[in-house]
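K.L.:
Assemble the complex: chain A is given as a structure, and chain B must be docked to it using the hints.
Protein chains in written order, with UniProt numbering: chain A, 1 to 150; chain B, 1 to 304.
In short, the hints are calculated from the structure, not lab data.
Treat the hints with caution; some may be incorrect.
Stated by the list, open to error - For each label pair, taking beta carbons as the anchor points, the in silico distance ranges come out as:
1. A:Q98 with B:P231: 19 to 29 Å
2. B:A303 with A:R150: 20 to 30 Å
3. A:A49 with B:S251: 13 to 23 Å
4. A:A129 with B:P287: 10 to 20 Å
5. A:A26 with B:E67: 33 to 43 Å
6. A:Y57 with B:A183: 43 to 53 Å
Unchecked claim - Here are a few chain A residues that sit away from chain B, every Cβ distance over 12 Å (derived from the structure):
7. A60
8. G87
9. A101
10. A119
Note that beta-carbon positions come from the ideal geometry of N, C-alpha and C, so glycine has one too.
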Amino acid sequence: MKSKVVIAAAIALCLGAGVAGMASAAGEPQVVRQGLMKKVGGSLGALSAIAKGTKPYDAATVKASLSAISESAKAFPEQFPAGSETGFETSAAPAIWQNMADFKARAAKLGSDADAILASMPADQAGVAQAIEKLGADCSACHQTYRLKR
Amino acid sequence: MARTWTKLAAGVVAIAVAGVAVGIAVTKPQRQPADHWANLGAPDLANGEKVFWAGGCVSCHADPSAEGDALKIMSGGRALKTPFGTFHVPNISPDKHAGIGGWTLAQFGDAMTRGVGDDGEHLYPSFPYGSYARLTPKDINDLYSYLKTLPPSSNVALPHELSFPFNMRIALGGWKMLYLTDAPRVQLGSADEKVKRGQYLVEGPGHCGECHTPRDALGGFQKDKWLAGGPDPEGKGSIPNITPGSKKVGSWSEDDIANYLESGFTPDFDSVGGSMVDVQKNIAHLPKGDLQAIAAYLKSVPAR
Numbered sequence: 001m002k003s004k005v006v007i008a009a010a011i012a013l014c015l016g017a018g019v020a021g022m023a024s025a026a027g028e029p030q031v032v033r034q035g036l037m038k039k040v041g042g043s044l045g046a047l048s049a050i051a052k053g054t055k056p057y058d059a060a061t062v063k064a065s066l067s068a069i070s071e072s073a074k075a076f077p078e079q080f081p082a083g084s085e086t087g088f089e090t091s092a093a094p095a096i097w098q099n100m101a102d103f104k105a106r107a108a109k110l111g112s113d114a115d116a117i118l119a120s121m122p123a124d125q126a127g128v129a130q131a132i133e134k135l136g137a138d139c140s141a142c143h144q145t146y147r148l149k150r
Numbered sequence: 001m002a003r004t005w006t007k008l009a010a011g012v013v014a015i016a017v018a019g020v021a022v023g024i025a026v027t028k029p030q031r032q033p034a035d036h037w038a039n040l041g042a043p044d045l046a047n048g049e050k051v052f053w054a055g056g057c058v059s060c061h062a063d064p065s066a067e068g069d070a071l072k073i074m075s076g077g078r079a080l081k082t083p084f085g086t087f088h089v090p091n092i093s094p095d096k097h098a099g100i101g102g103w104t105l106a107q108f109g110d111a112m113t114r115g116v117g118d119d120g121e122h123l124y125p126s127f128p129y130g131s132y133a134r135l136t137p138k139d140i141n142d143l144y145s146y147l148k149t150l151p152p153s154s155n156v157a158l159p160h161e162l163s164f165p166f167n168m169r170i171a172l173g174g175w176k177m178l179y180l181t182d183a184p185r186v187q188l189g190s191a192d193e194k195v196k197r198g199q200y201l202v203e204g205p206g207h208c209g210e211c212h213t214p215r216d217a218l219g220g221f222q223k224d225k226w227l228a229g230g231p232d233p234e235g236k237g238s239i240p241n242i243t244p245g246s247k248k249v250g251s252w253s254e255d256d257i258a259n260y261l262e263s264g265f266t267p268d269f270d271s272v273g274g275s276m277v278d279v280q281k282n283i284a285h286l287p288k289g290d291l292q293a294i295a296a297y298l299k300s301v302p303a304r
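For reference, chain A alone in the conformation it holds in the complex (with noise of 0.2 Å):
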């Protein structure tokens, strides 16, 4: 009987523990940046779905998908704080912190490059294509250097 209390509590503990943990991994700036590529990501797809025919133009999606990837490039290197480097399965390259100038630099570009296009908004599929291949070569010449596989 009193084993299996403990037992219990022990695993109380653990799911407590694993709860707590998810809690705090939410607000690490490893996690925040990882959801905001993802959310760069997800936009890219969604003009891409455009651009491929797969999905019929339409003006909305265009501009909250260019939004959200000039919003999120300009919040992006912020989340990149001393203590940062490793966990929470960053593929983030040490490279960052010894060029922290450039890749913001790289950042502000992919901002930049999304205000531009929204700015002129691509009325049809082929310019949601060209404004695909635009931002397109930000991604990775950002990748190529500032993001490692592990």
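P.N.:
Leaving out everything else, chain B in the frame of chain A:
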């Protein structure tokens, strides 16, 4: 590219070790028989350009800062730092003095498929001729002629700065004896033309295995781990498994793989990164059919 380089240069570890391993059974550089390069007919420049992009010559032989049209100037000069020293990639532009403008088709073909330089010396396998050895004489001829249409450059690359014993080209004979082969890397059940084309592109010009296949202590491929990925030898990050056994690529459709090679985006819209960026940019110049063929081959290799 520095990472790429170390990765490809892993073969160089073998220079010393393999030399010893085979009892300094140093083999002479072996050229192809002369008739290998005979009767190839008029070159097809459009095909030569395809081989050029599939082979990714730009990644190593263009100036590191080159963009746009300048990517086609094969001036060399890129410094590839490795644990054994620094390689300075040579000029292969059509310049008669600084480049390979004076080379015959046979000289060029022997460098590409046998790793033999113009003075008959062994070339370092960091130039991925271990893969290019599979190129057909026709593709070599077309590539040779295409390279001649590119702008000449008078840049003279520095000599390599390698430490002893890595600076001894003669020891490369041992490595070649152990590992240089033009045999298929895997036996495939399928005789499908598309898969065969993919096999040629991946194992030959695309030299995908040079990064995606882990090496043994002597710098040769681990045969039972073809395209299985592994830690980056430089200790930073890892190279992904691209066989059907991969949790990631294994779950991608053929179209997903072809689309990644064309656009640089994964099915969940992650963007290509690391040393794969240059590879993707080069390979994206191939027609869709070729990218589909590569995808079909990647789906056919043994799962690891």
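K.L.:
Next step is simple, just say for each hint if it's right about the structure.
P.N.:
Each hint, compared with the structure:
1. A:Q98 with B:P231: 19 to 29 Å: Cβ of Q98 (chain A) to Cβ of P231 (chain B): about 21 Å, so the range 19 to 29 Å holds.
2. B:A303 with A:R150: 20 to 30 Å: holds (22 Å)
3. A:A49 with B:S251: 13 to 23 Å: holds (20 Å)
4. A:A129 with B:P287: 10 to 20 Å: holds (19 Å)
5. A:A26 with B:E67: 33 to 43 Å: holds (40 Å)
6. A:Y57 with B:A183: 43 to 53 Å: holds (51 Å)
7. A60: At about 20 Å from chain B, A60 (chain A) clears the 12 Å cut-off, so the statement holds.
8. G87: holds (15 Å)
9. A101: The claim stands: A101 (chain A) keeps its Cβ more than 12 Å from every Cβ of chain B (closest is about 19 Å).
10. A119: holds (23 Å)
Going through the hint list in order, the structure satisfies each hint without exception.
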